[in-house]
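Novice: Residues per chain, in single letters:
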Amino acid sequence: MSALRSASDLSSPRFIDSQYVDEKSFLYETSSVTGLNLYDHLARVLTKILNEKPQNAADVFEDYSRNEKRPKPAPSSRNASVADEVQSKTELALAEIQEKLFSKGEGEDDIEVEDEYPIPNIMELSFFFEQAGIGLNREEMFRVGMALKNLTENHPLEHARFWGKIFGIEDNYLVAEVEYREGDEEEDEDDALEEVSEEQERQEAEENEEEDDTPKMVHRVSVVPREEMRTGANKKTYFVCNELGKPWTRLPHVTPAQIVAARKIKKFFTGRLDAPITSYPPFPGNEANYLRAQIARISAGTHISPVGFYQFDEEDVDDDDGGALPDNFIINTEFEPIPARELASSSLTSWVHHVQHILPQGRCSWWNPKEEEEGEPDSDAEEERADEPQPEVGPPLLSPLSGDADVDGMSPWTTSLSSKLVPQFAVAVVRSCLWPGAHAFAFGKIFENIYIGWGHKYSAHSFSPMQTAPVQDEYPTEPKITEVDDPTPEEEAAAREGQEEDDQDEQDDDGNYDDDDD
Amino acid sequence: MESKDLNLSIEAVGSSGFILSSEQRAALQTSLVLLQNKQKFANVFFWGKIIGGREDYYIAQGIAKDYLSERRTLYSKDCVHWGLLPRPTADTKAKAKQITGYFTGDPSYESEQKIVTLVGDEETEEIITLKEEDRLAAVVSEIDNDVAIVPRGAFVRDPTGKTYQNRVFEGLTLSEASQLYSYLHFRKAEKLLSKTLLQRSNLDKSLDFMDTIEEDIPRGCWSLQLERGGGLVTLRSLLWLGYVFYHVPGTRQYGSVYFGRGDKNIDLPFML
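Line by line, the protein sequences give chains A and B.
Mapping of the first sequence onto the numbering used here: residues 1 to 518, in sequence order.
Mapping of the second sequence onto the numbering used here: residues 1 to 272, in sequence order.
Derived from the structure by calculation, the hints contain no laboratory data.
Treat the hints loosely; a few may be bogus.
[Claimed, not checked] From the structure, some residues in chain A lie toward chain B, with a derived Cβ separation under 8 Å:
1) A93
2) A132
3) F268
4) F463
[What the hints assert, rightly or not] Computed cross-link-like contacts, SDA-like style, restricted to lysine to any residue with a CA-CA straight-line distance of at most 25 Å:
5) A/K246 <-> B/E227
6) A/K69 <-> B/S175
7) A/K69 <-> B/R167
8) A/K457 <-> B/E176
9) B/K93 <-> B/R157
10) B/K162 <-> A/A469
11) A/K420 <-> B/E132
12) A/K69 <-> B/T117
13) B/K77 <-> A/S416
14) B/K65 <-> A/K267
15) B/K4 <-> A/S65
16) B/K95 <-> A/F463
17) A/K69 <-> B/R157
18) B/K162 <-> A/S416
19) B/K114 <-> A/R70
20) B/K93 <-> B/N166
21) B/K77 <-> A/S411
22) B/K264 <-> A/S65
23) A/K53 <-> B/R252
24) B/K205 <-> A/R70
25) B/K162 <-> A/S65
26) B/K188 <-> A/G409
27) A/K420 <-> B/E23
28) B/K77 <-> A/G409
29) A/K267 <-> B/F259
30) A/K246 <-> B/L232
31) A/K53 <-> B/E132
32) A/K69 <-> B/S201
33) B/K97 <-> B/K188
Positions of the beta carbon are idealized from the N, C-alpha and C atoms, including for glycine.
One chain only, chain B, in its complex shape (with noise of 0.2 Å):
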């Protein structure tokens, strides 16, 4: 959710359990605010909090300039210090979606965890070691890219391929919200490339060029839930338990935060 609705957006998911205490959220206007001239973003977002074991992380990010290009990622324990995570290389984010359980807490502590493969009749064991920072890293950007979402829409391509948000967006209608292909993953198109030419031709090249949300596998891995009687549209995910997405029908207002404690729901087929 952008900083400068902050205090407007966490009423919103107040109803998912999120809550900031009034210290949290007057520490984070002010260093949120400090961050975006530091480090020269032209948005800054508050991405939500990693619970951990002993103490919690916070997360922001920043963006530059193009919204679909690389944003920075920054985290703190007390809202009010910010450090940067390094980018997570391929390498790291393999080794992130091996380690389980809780986050400590500690940045600089090394997870262990010993993998056993079997290679024809033979076990070999192996332990792979990840850094806290690297594995938070890890774990943002595999939320981002596995659940962010925005309404179609909000954000618009050009013809030489920059996404810029698309200033009049009016919002969704409500029965335009209670749709899941009113929702975009928003990063680089997948599924969009491998769709026959007459599917792709409904639609429209400067609003569609990012993957609904209609097609996840599996089916039924969003919670779609009207609250406030339709005033308020929240989409949980199932995959990612603590991702929720809200939107004002009508207007402009949209957000998304995570409050977890990063790990992935690979239980969701029995769950479901």
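With the rest of the complex left out, here is chain A (with noise of 0.2 Å):
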């Protein structure tokens, strides 16, 4: 506003109207920055406030100015812009591929009751696994269940449970633990991803069988042959998906290389299954066979369950060889429930493992490489013995908890109850401080293991990779065995001169010698 007026001016109303046109005008003045005008600006601000009515409007008065002025996306012509069109495409596409999560089986309208149902109850588990704080929420873990339905309709098999969640940087994996019907599994046609494993091993097979008639090389390391299916580490088969509602894709068996390699790099899991594995030593496979390899060493180190649950078939336990260990073990019907107390004290001793431990060589089951170069074993009994490696021992399976190394001068598991303040209907939970993720609860009856987590193991120094081999060294230099050109002709001619003139000189009796053999 302008300064001083004289009082006679002010009253007069020609003037007051040049003022206001005045300083109207200049409230419409564009900025030559920005292209803004105040008048406008101050409408556009005071319209939205008073349309969105904020508490403390004086106080928010300047994050409207501001957010008046940001530049703003020209409105189309139709609702939406294109970056929400994106948006509820993916979203859109996600959630009809759920929604076939949701729909109902054909033939299941008629409620049938079927002894072996192969899926375990999810929601039962779901919520023993809210109150023991692990797990994944209760939507997700609903959506589980229906994925897992899927997959028993679309394969034959005999069991499947949820076997965990492994995050990668770009997608997570979930995997799926199954067990096909007796025989089913060989007609299975998702064999994609087993062939190039098995091709690369009859390739290194027969490259091992060429090699046989040229001189053998020190380090000749014969293939350790991968286990039988159902056995050992092969024992069950697993499924993965990126995200519920996709197709499952079945993961390839997992070789004694695999897991050798696997023990000895870490790396992240990018979450694509044809993900090139760069480390060293160099890891036999792809992302898949990582995967794979991870999931057998963690199933074996951290699959619990309470002592008296499984027990060994009376059959099956062999007393000949004395070192033979019975592998397979059934459902105990007659398990008393051991109390929550019991179960989460410190001791460790009312929970075992149920799945076999993966010797240093790569196997459950130690397969001894003399047996393939050999036909017969020798005669010579201490020979045999003087070669013979020594078997690798593990623990035997059902062997309980507290047998477990510590780690970190600390127990390996860690128990506490899920409830401080009811303890008497807590569920007991077990965790493991050797593998961070692998969980165990058990409550009754009932208990089930679960895996979230990035797939690696703890350690408490930092990882370093495994050194590189030294440098072979070069042969030693003698003058038998260096290179030395071949002689020009000049240098033949004059040689061969030297040697008949020698003979003549040494015909010759005069005693001329003539040093000079030009």
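Hints given; two lone chains; assemble the complex.
Specialist: Structure representation (structure tokens):
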């Protein structure tokens, strides 16, 4: 506003009008920088504030003003802009895929109660998981249950359960552990992933055979054969998917070489099964194989059950060799539930491993590398004992947790009750310190294992990769094996002449030696 | 995550395996309100859980007024009784970086670590001890400094330098939310000042006063995933495994939580 005016001027209407016009036109001035004018801007801000009527309007005035000044996307003719369309498309696509999860299968309208329902009661497990503070949230677990049901409808499975979730950088994996019905596994068509590794093994075996004629290298490594299906580390088959509702992919069986290599490297998963693993030592396979190897290691290390739930079948126990350990068990029908307090005690005597331990060789049952080369054992017993590699032994099946080695000076398992305030109804929870993310709970006759994590072992020390082999020494330089250039024709001629003259000199008795041989 | 929407926020991070049992949720709802009143905080956050070898610690943070100023950190073993953690000194922070291994779950436990340093040809052994409480405080502060993030636009700074929440923040769009530059470290800017004037000319002074996570070293140390087909954006830090940030694009909802062992993943370069 202009400054002083004499009193007489202020009252005159014509003056007030002109002042008003001046100042209004000032407000209408367009800014040379942004093209805004103050009048329109204030009008817009005040309109917005009056429409929204926020609390403490005076305080938030600057925020509204700033927001109005921000460049707005040009309003399109339709309501949604391109960005919104993209968003709704991806959400829509996923929702459509997941809708299939909720569709009932054919012929399910008549309620059939089957004795052997392949999947466990997911919602019951989800409730216990929630009480224990582990697992995924309820809606996710429900979708998991539906996805498992889908899996059992598409493949002939005897059992299927949710193994867990492994996080990756771009995408995560949801893993289901299944057991095929007897004899049905070979007919399954999803062998795509499996063929690659089998072919590689076949090629390696052929190469090894071809080299039999040539002198044997010092470092001859025979390929440790992988375990048969349904035994040892390949006892169960695993399916993975990135997002519930998308089709499940079967993971190939694991080979001992992959387990041995997986123990030496530590890599994040990307979320794509065909991603290569670049590491030292080079991992024999791609991400699908690495995933399978880690799953095998985690299952072997952390799948536990209350003692007495599983027992050895009486018929399977063999006393002939004394060393043949039973590797099969059945559910104990006379299992007495153990009280939660005992299960949660830190002495860990009430839990046992029910998956076989993986030996350093990479298998669960030791394979003697000598047996492949020699058709019959040597008659000389002494020589055999000296050459025979020591069989590797691991803790037997169904051994209690109290026998596990300490981690970092602490017990490898953390036990707790789910509730401090109501211990009578609490669920016993056990957590692994060696494989962070592996949990188990037990309540009465119900128990379950689950793994949710990144798929790596815990180590108090930082990871250091395997050292590369030292540079091989060259042969020591001896004149006998040092290469020399072939003599040129001139040198040969000179040498030949020298030879002839030598002969002549020897024949010559004059003693007239001519040292000069030209 | 803010204590007021604890229940909703926990559902959002459920896909990362972070679950609070009903007992814990009920206890937290009550005890955090009491805490806010007793300590005269303007806002109380449930920071997360530090998993120990025998027992876990639940951590909460309270803010007086300015969001970027000092926050007070509190810990509890049962979500009911809270104890104030001391403010970590530079010495404590340095010591905590050297100590490895699980937290034990006993706040008065003294962790010992033998440090062997090579001076010339001689090896000198030094044993450093640190009380668990101090170690906890130092780890929480380090995690906040390294990985605590907020979406761009959620906070504004006025010309006087005070930071406060942006009341007209409507959330990031889906395309913005899929870019790492839309997320800023919630701490005093470190890399911002070393940028050239040309780079800074594109930035909005009131919104871009913090570093973006796009320039974090090593590249790829953040895992950005879209869940629910784009309905939820989850960022997981690979440097501190267990830190998860979530945001629902198009809405004001965002939050972060840490459920982990409190160990920095220094193997990160090998694992990428």
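Novice: Does the structure keep B/K162 and A/S416 at a Cα separation of 25 Å or less?
Specialist: Violated, at roughly 45 Å.
Novice: Would the hint on A/F463 stand, with a C-beta cut-off of 8 Å toward chain B?
Specialist: holds (4 Å)
Novice: Given the hint that A/K69 pairs with B/S175, test it: the Cα-Cα distance must not exceed 25 Å.
Specialist: Status holds; Cα separation ~22 Å.
Novice: So if I understand the rule, the pair passes when the alpha-carbon distance is 25 Å or less; does B/K77 with A/S411 pass?
Specialist: Since the Cα atoms of B/K77 and A/S411 sit roughly 20 Å apart, the hinted pair holds (cutoff 25 Å).
Novice: Given the hinted pair A/K53 and B/R252, is their alpha-carbon gap at most 25 Å?
Specialist: Distance ~19 Å between A/K53 and B/R252 Cα, so the pair holds.
Novice: Interface hint check: A/A93, Cβ to nearest Cβ on chain B, cutoff 8 Å. Holds or violated?
Specialist: Hint holds; A/A93 Cβ to chain B Cβ min 6 Å, cut 8 Å.
Novice: Does B/K77 pair with A/S416 here, judged by a C-alpha cut-off of 25 Å?
Specialist: At roughly 13 Å apart (the allowed maximum being 25 Å), A/S416 and B/K77 satisfy the hint.
Novice: Is it true that the CA of A/K420 sits at most 25 Å from the CA of B/E23?
Specialist: Holds - the C-alpha atoms of B/E23 and A/K420 are around 9 Å apart, at most 25 Å.
Novice: Holds or violated: are the alpha carbons of A/K69 and B/S201 at most 25 Å from each other?
Specialist: holds (17 Å)
Novice: Hey, A/K246 versus B/E227, does the alpha-carbon distance stay inside 25 Å?
Specialist: Given pair A/K246, B/E227 holds - Cα atoms ~14 Å apart, limit 25 Å.
Novice: Check the hint pairing B/K188 with A/G409 against an upper bound of 25 Å on the C-alpha distance.
Specialist: Violated. B/K188 to A/G409 sits at ~39 Å, over the 25 Å cutoff.
Novice: Has the given pair, B/K162 with A/A469, been kept, meaning a C-alpha gap of at most 25 Å?
Specialist: Roughly 58 Å separates the two Cα atoms, so the pair is violated.
Violated hints for the displayed structure, listed by number in ascending order: 8, 9, 10, 12, 14, 15, 18, 19, 20, 22, 26 and 31.
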